[in-house]
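Chemist: So the chains spell out like this:
There are 4 protein chains.
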Amino acid sequence: MKIALLGAGFIARFYASTLHAQRRKDSIHIVYSRTRKTAEKFAADFRVPACTDNMKTAIEDPATEVVLIALPNHLHAEAVELAAAAGKPILCTKPLGRNAAEAKAMLDSVEKAGVFAGYLEDLCYTPKILKSFEAVANGAIGRVLWTKSREAHPGPHSDWFWNKELSGGGAIIDLACHCVEISRNLIGKNIRPIEVMCWAATQVHPIEAEDHAIGLVKYANGAIGQFEVSWTFRGGMDLRDEVMGTEGSIWLNSFLRTGFEMYVAGNKAGYVAEKAEQASGWLFPVGDEAHELGYPHMFSDMFDALEENRAPRETFYDGYVVNAILDAALASAISKKWEPVQLDDWRGIQVQETDKEAIPYDEQYYLVKKELLPGGLYKLILKDKQTGRIIQREITQP
Amino acid sequence: MKIALLGAGFIARFYASTLHAQRRKDSIHIVYSRTRKTAEKFAADFRVPACTDNMKTAIEDPATEVVLIALPNHLHAEAVELAAAAGKPILCTKPLGRNAAEAKAMLDSVEKAGVFAGYLEDLCYTPKILKSFEAVANGAIGRVLWTKSREAHPGPHSDWFWNKELSGGGAIIDLACHCVEISRNLIGKNIRPIEVMCWAATQVHPIEAEDHAIGLVKYANGAIGQFEVSWTFRGGMDLRDEVMGTEGSIWLNSFLRTGFEMYVAGNKAGYVAEKAEQASGWLFPVGDEAHELGYPHMFSDMFDALEENRAPRETFYDGYVVNAILDAALASAISKKWEPVQLDDWRGIQVQETDKEAIPYDEQYYLVKKELLPGGLYKLILKDKQTGRIIQREITQP
Amino acid sequence: MKIALLGAGFIARFYASTLHAQRRKDSIHIVYSRTRKTAEKFAADFRVPACTDNMKTAIEDPATEVVLIALPNHLHAEAVELAAAAGKPILCTKPLGRNAAEAKAMLDSVEKAGVFAGYLEDLCYTPKILKSFEAVANGAIGRVLWTKSREAHPGPHSDWFWNKELSGGGAIIDLACHCVEISRNLIGKNIRPIEVMCWAATQVHPIEAEDHAIGLVKYANGAIGQFEVSWTFRGGMDLRDEVMGTEGSIWLNSFLRTGFEMYVAGNKAGYVAEKAEQASGWLFPVGDEAHELGYPHMFSDMFDALEENRAPRETFYDGYVVNAILDAALASAISKKWEPVQLDDWRGIQVQETDKEAIPYDEQYYLVKKELLPGGLYKLILKDKQTGRIIQREITQP
Amino acid sequence: MKIALLGAGFIARFYASTLHAQRRKDSIHIVYSRTRKTAEKFAADFRVPACTDNMKTAIEDPATEVVLIALPNHLHAEAVELAAAAGKPILCTKPLGRNAAEAKAMLDSVEKAGVFAGYLEDLCYTPKILKSFEAVANGAIGRVLWTKSREAHPGPHSDWFWNKELSGGGAIIDLACHCVEISRNLIGKNIRPIEVMCWAATQVHPIEAEDHAIGLVKYANGAIGQFEVSWTFRGGMDLRDEVMGTEGSIWLNSFLRTGFEMYVAGNKAGYVAEKAEQASGWLFPVGDEAHELGYPHMFSDMFDALEENRAPRETFYDGYVVNAILDAALASAISKKWEPVQLDDWRGIQVQETDKEAIPYDEQYYLVKKELLPGGLYKLILKDKQTGRIIQREITQP
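Chains as they are written, first to last, in this note's numbering: chain W, 247 to 644; chain C, 247 to 644; chain E, 247 to 644; chain A, 247 to 644.
Keep in mind the hints are simulated off the structure, nothing from the lab.
One or more hints might be untrue.
Which copy? The list can't say, so a pair holds if one copy fits it or any two copies do.
Stated by the list, open to error - Listed next, the in silico SDA-like pairs over lysine to any residue satisfying Cα-Cα at most 20 Å (straight line):
| id | residue 1 | residue 2 |
| --- | --- | --- |
| 1 | Lys631 | Trp406 |
| 2 | Lys287 | Ser404 |
| 3 | Lys435 | Val597 |
| 4 | Lys625 | Ala557 |
| 5 | Lys248 | Gln598 |
| 6 | Lys410 | Ala309 |
| 7 | Lys410 | Arg282 |
| 8 | Lys625 | Gly255 |
| 9 | Lys271 | Glu554 |
| 10 | Lys625 | Leu589 |
| 11 | Lys271 | Arg389 |
| 12 | Lys271 | Leu552 |
| 13 | Lys287 | Arg259 |
| 14 | Lys271 | Arg635 |
| 15 | Lys625 | Trp406 |
| 16 | Lys358 | Ser546 |
| 17 | Lys616 | Asn345 |
| 18 | Lys435 | Ser355 |
| 19 | Lys287 | Tyr624 |
| 20 | Lys283 | Ile637 |
| 21 | Lys410 | Trp584 |
| 22 | Lys271 | Glu523 |
| 23 | Lys631 | Glu411 |
| 24 | Lys283 | Leu623 |
| 25 | Lys410 | Thr561 |
| 26 | Lys583 | Lys616 |
| 27 | Lys358 | Ser263 |
| 28 | Lys616 | Gly512 |
| 29 | Lys248 | Ala267 |
| 30 | Lys283 | Glu640 |
Quick caveat: nothing in here was measured; it's all calculated off a predicted structure.
The shape of chain W in the complex, shown without the other chains (with noise of 0.2 Å):
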């Protein structure tokens, strides 16, 4: 595939170092930035063959087959509809729009040209992640009844970010918005999201948005995906999972746990990792960043659903449902109460919230709970099914 991709900052450079590396097939033809000397310099380092400050040219090049967005926030609307009118498929980093109202639109947008949209959410394609979501579907750990996903560092990289304008918002916006798309795959996209509850204060930076939020989606099966979000953690990235399911759970550390430690007394580790704020003594790197952030196995299934003329498994639909539950969150930040996820275009099934069934223990009894005990006995807590009674009864074989 021959890709123009529009944007030259640091998210770019990690999908151009992503795309151009591996032996991939695909790559850049061309990229644009609002500014001729970023664009130029780009391309140099990334080996594109062509370059412009003209965002139209970029994308109308006859030979582009992608249009890959990686803008700005305020950017995103423009170029989508750029692309759109242009026939061409579009590719569009995270958020898709800074509130639902414009992801709507950039999604109505690509309906009605007809084209392939794929909403570039990378950390629903790390490696750890996608074994997780097949574990899940699978089975392995039973009914999920809440997952947590949890990104922090100490603030992002340029200074549009900090611009609520231009970004939307604060630590919402930019991170809990692979926290709940991590959390829609868990619990099911199928199910629809209620309500959100959800705590943002500014505790620590001279800016208007929040920079540290905590926030739970209630699902319409009862489930909750909660999430952890903040530009104030000290430590480096902190990007971690878990979910428990009524049959096992899960804990995920996607950076700063993964089976990489480094002690260095001195000084010349040169750089560790994204984010990571020492050079010296313990340090944790990962191994190859852009695989742990998920980069290679998104673009293969971008790509790959782009020829195979199938849906990839992240859609512009998802980045609209993604910025309904965030606009809940901001605006139960405000009320201070539960507030409901406004979708006009639910496409997912009805259900109401899952019966718990007891289980049978004898005729008599539910079983609550069994529970080995030191020196070898195993207790049961049991529930009377007439009376409702509670009782325990300690026995020798399990």
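Fit chains C, E and A to the known structure of chain W by using the hints.
Modeler: Okay, now just chains C, E and A, sitting in the frame of chain W:
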């Protein structure tokens, strides 16, 4: 010290194992249980010279120097009243009351009687948490922004926990009492808890009370103390704490990942640890359970305090504050909004939310953030003191 | 690149999974297996257009641009000879030979034919190990004193591994080839391996070859490269590396503790990871196995090297040195003393053991050690430059 | 118990901190130091009622019920002789002697006098190691094949350690005494250590003794006890143990990764833990150091044993065996071959190397190995009972 132990169940056994070990000089001289047979077995198991099924007998025994309450929640009040009436020092297991009103009555009772009254909040005495309290108090991680305390396991071991009437509730009253008090120690016991937002649900078990809950407690200085409690967790007993400060972070895992890993192919592992669910595969035992759970350090503080005529680290007043916070959590789970913490008797300080102080970079700018980039450059995010405009700048020297 | 793949077993499947993924541009155009049926199934599974049970046919196919040898050890020599005779570039899986003589013959063969010859030592290409090599090369941890590489699991997957005649030995030839080459990369490939001390035993299995061995390889600069290999480990595949340098340390866990932990109460986990022994309880899957084992980076280096007309990171010469070290290890296991590494063809440098340079503290003393004590004092251990006498001194400033 | 403590240095302070804490009933009633001023300071710091610079005075004090030797290695023999002469029970810190001859003389001395003599091998008393001993003894991991005990740090804290004359050597005598005794406990104290292979070198410090060594101790039943000791490790105090059994594995990390992680951006962390090298960045404190190092459980066993008139877990005989093994290690480091362990006085059993028993699979075959493959099949490796031929077979049911 000669101890009258009230109760002979799971927690009483843990207490006795701790007290009658490691050549400690305090000892249980009489044990009370509602069932004579249980009292007798306990006395035999732990070499306690006397036993009784009359609570008053145990308390008023002339040899009794301190009364140790290890009874189910609904019996705390009665035991405290009797011991206070007898003018004996009292140690009461957690939670103090089933709600703030009950706790307040107990507090009033001991204060009126003028007896020593220690609150047995063991998880505030684990060696790791004590060192964390000290590090935080010394300013090692700066101003505390957020704490998270998590206790989750597959459910408690005795029937009365599962009966809302007797226990006072579900996972919140059972587990969040620990979490809330850990947060108070980290944020500062003098800082007033203002309001609570809480989600709670009965996701798995055939019971009335919640078996899973998450809460956010907001303190007067803007810090947040989060609790995560569950009786639905699969994989053992999950005891983790985290703290984010402006200058650092703390991560504790107190039970499931403590540097002890054992793979057992067969099934000869025997008892592994409290609430362990497996006896084969990868197991994660703990070294000395009572120690990891804080019991030895807790009793040392209590008896030392009594002898030194000072307050222990954890008092009945603390127990009351914890109950008040939990009451607000339960109210919030129903009202679905932030609920104020009702504290008629506040003994801490009055603070306003901390003002964030912007860090000056030079005459024109505040420093928002500094980051080391791959390639060795430093990127600065700066905010114009006058205009508020945010810019970025790359520099070669830090 | 058009690849002729020789072999269709376990490792061939791993190679094909890697090559035919992630939109890579190289592809297998023909696969050879000794059994036609196996070749056909493989071709179908990996969409390889052609297959054969004649090795020569695959190699000499005009479309074949590179020959990829994924055969059992005893067939490497023949395959290399045929490919060299056909003048085709060769990639050969590890170990190169069953012993140094066989490896030397292969090396001579490809050098005489003047063909490209890459040694497929995948564990020297894992992302973590590549970053470690770079950090060490940059001096991040000072002078390397000791390296340890451990590979242990419950035993290999194919019959021929267990036959000493076909494989060339047991756990040493199978696993220590990885470990030895990792150490060489860390200590410096230019540094001559001098002698080896090795213990080996058949502790568990009904076989002739060793199923457990530990070896120490001494290098000319005094550094030690330790290997620990076993077919008797219980708990999965244990892949760990450690490095001690004068200024730092590295700890890698490449498979069992990589930040991915899953508890499964039932038995629906399915395939977890290579050599995993359980499908329930606490499981430790890996994200993308091929990636964690180094395959993608290895093939990228090989094909890039071929196109860029440069040597790959790992060459047949490296394979030969590894075999020579393993020969010395096997000899030592029998003689029970250090055995010299026989290298007729040494292409590195000649170094003497590094002289330790004492660090001056002041006019009178060398500094032996400095340590922070509880209480805040620093303790110095000093050695008199003249008399050699060692004293200690406590100071308040570091 | 009334304790006369001989020594007032680093280890004496650790002992006193342990004994005079947690409301223990034993106490130091007199402390001896070669320097009166040191004795006085120590007495003041730990509330010891009396102090002296005359060793005999402390020992022969009528109140002295037990003599606790915490002196540098070269003073153990003299102290033991004096205490034995006085007929007092003796506890002696590790290593018992500077070599086996010295240890044997001490052993003979206490046995002749008929006094209680405990060997203070603290690392055999850590809660994790005690549970591991118990699990291994219960057969949880089957027959022990290999143990590894590692102690490494940046070097000891007192001058005399660095003087070969006074300490008896370098890292081996200082640290491997722990490792060897841990291995003996795991493999079985009744199993005779046969021979030792050891590498040792002075890689970093300006001293005569070794600062880094690795040894393999072979036991009569074929098990190997490996030790890794170093004064050159960077990163703190590395205390790790591993065990491989036929049915399981154990991994312990006793100091650097125990579930306590703290990131400190500034430099206010203060004292972190013994041998910690940093006070900022990612730090890994331990909860209660004395506890993690085994002191409380060690003293409890010693005093309980004395009162119960039984042998403690660790005796002077154990200390003698350890010294004999270390002597062989030092000899091997020089001779460069396996050296026999000289034990004139062996009190264990005589065993032959365990015969491996092949596991029958069916009438024709032994089972060599079974493995779950990706895709759900099981692969069997089988050995023909008659011909010895090894084959593989894939089956669908386990």
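Chemist: Indicate, hint by hint, whether the structure satisfies it.
Modeler: Now for the hints, and whether the structure bears them out:
1. Lys631 / Trp406: Between copies only: 17 Å across, 61 Å inside.
2. Lys287 / Ser404: within (18 Å within a copy, 52 Å between copies)
3. Lys435 / Val597: Result: close within a single copy only, 12 Å intra versus 44 Å inter.
4. Lys625 / Ala557: neither (51 Å within a copy, 37 Å between copies)
5. Lys248 / Gln598: Answer is neither; intra-copy 46 Å and inter-copy 55 Å both fail.
6. Lys410 / Ala309: neither (36 Å within a copy, 58 Å between copies)
7. Lys410 / Arg282: neither (26 Å within a copy, 65 Å between copies)
8. Lys625 / Gly255: Answer is between; shortest inter-copy Cα gap is 13 Å, intra-copy 60 Å.
9. Lys271 / Glu554: both (16 Å within a copy, 17 Å between copies)
10. Lys625 / Leu589: Classified as neither; 47 Å inside a copy, 39 Å across copies.
11. Lys271 / Arg389: Classified as neither: same-chain Cα gap 40 Å, cross-chain 41 Å, threshold 20 Å.
12. Lys271 / Leu552: Answer is both; intra-copy 14 Å and inter-copy 17 Å each pass.
13. Lys287 / Arg259: Classified as within: same-chain Cα gap 11 Å, cross-chain 41 Å, threshold 20 Å.
14. Lys271 / Arg635: For Lys271 and Arg635, the Cα distance exceeds 20 Å both inside one copy (67 Å) and across copies (42 Å).
15. Lys625 / Trp406: Result: close only across copies, 13 Å inter versus 58 Å intra.
16. Lys358 / Ser546: neither (26 Å within a copy, 41 Å between copies)
17. Lys616 / Asn345: Neither, since 47 Å and 28 Å both go past 20 Å.
18. Lys435 / Ser355: Answer is neither: 22 Å inside a copy and 55 Å across each miss the 20 Å cutoff.
19. Lys287 / Tyr624: between (69 Å within a copy, 18 Å between copies)
20. Lys283 / Ile637: between (76 Å within a copy, 18 Å between copies)
21. Lys410 / Trp584: Answer is neither; intra-copy 23 Å and inter-copy 26 Å both fail.
22. Lys271 / Glu523: This pair counts as neither: shortest intra-copy Cα distance 35 Å, inter-copy 37 Å.
23. Lys631 / Glu411: between (59 Å within a copy, 18 Å between copies)
24. Lys283 / Leu623: Only across copies: Lys283 and Leu623 sit 18 Å apart there, 74 Å inside one copy, limit 20 Å.
25. Lys410 / Thr561: neither (25 Å within a copy, 46 Å between copies)
26. Lys583 / Lys616: Neither. Shortest intra-copy (37 Å) and inter-copy (35 Å) distances fail the 20 Å Cα cut-off.
27. Lys358 / Ser263: neither (33 Å within a copy, 38 Å between copies)
28. Lys616 / Gly512: between (53 Å within a copy, 15 Å between copies)
29. Lys248 / Ala267: both (15 Å within a copy, 19 Å between copies)
30. Lys283 / Glu640: between (76 Å within a copy, 15 Å between copies)
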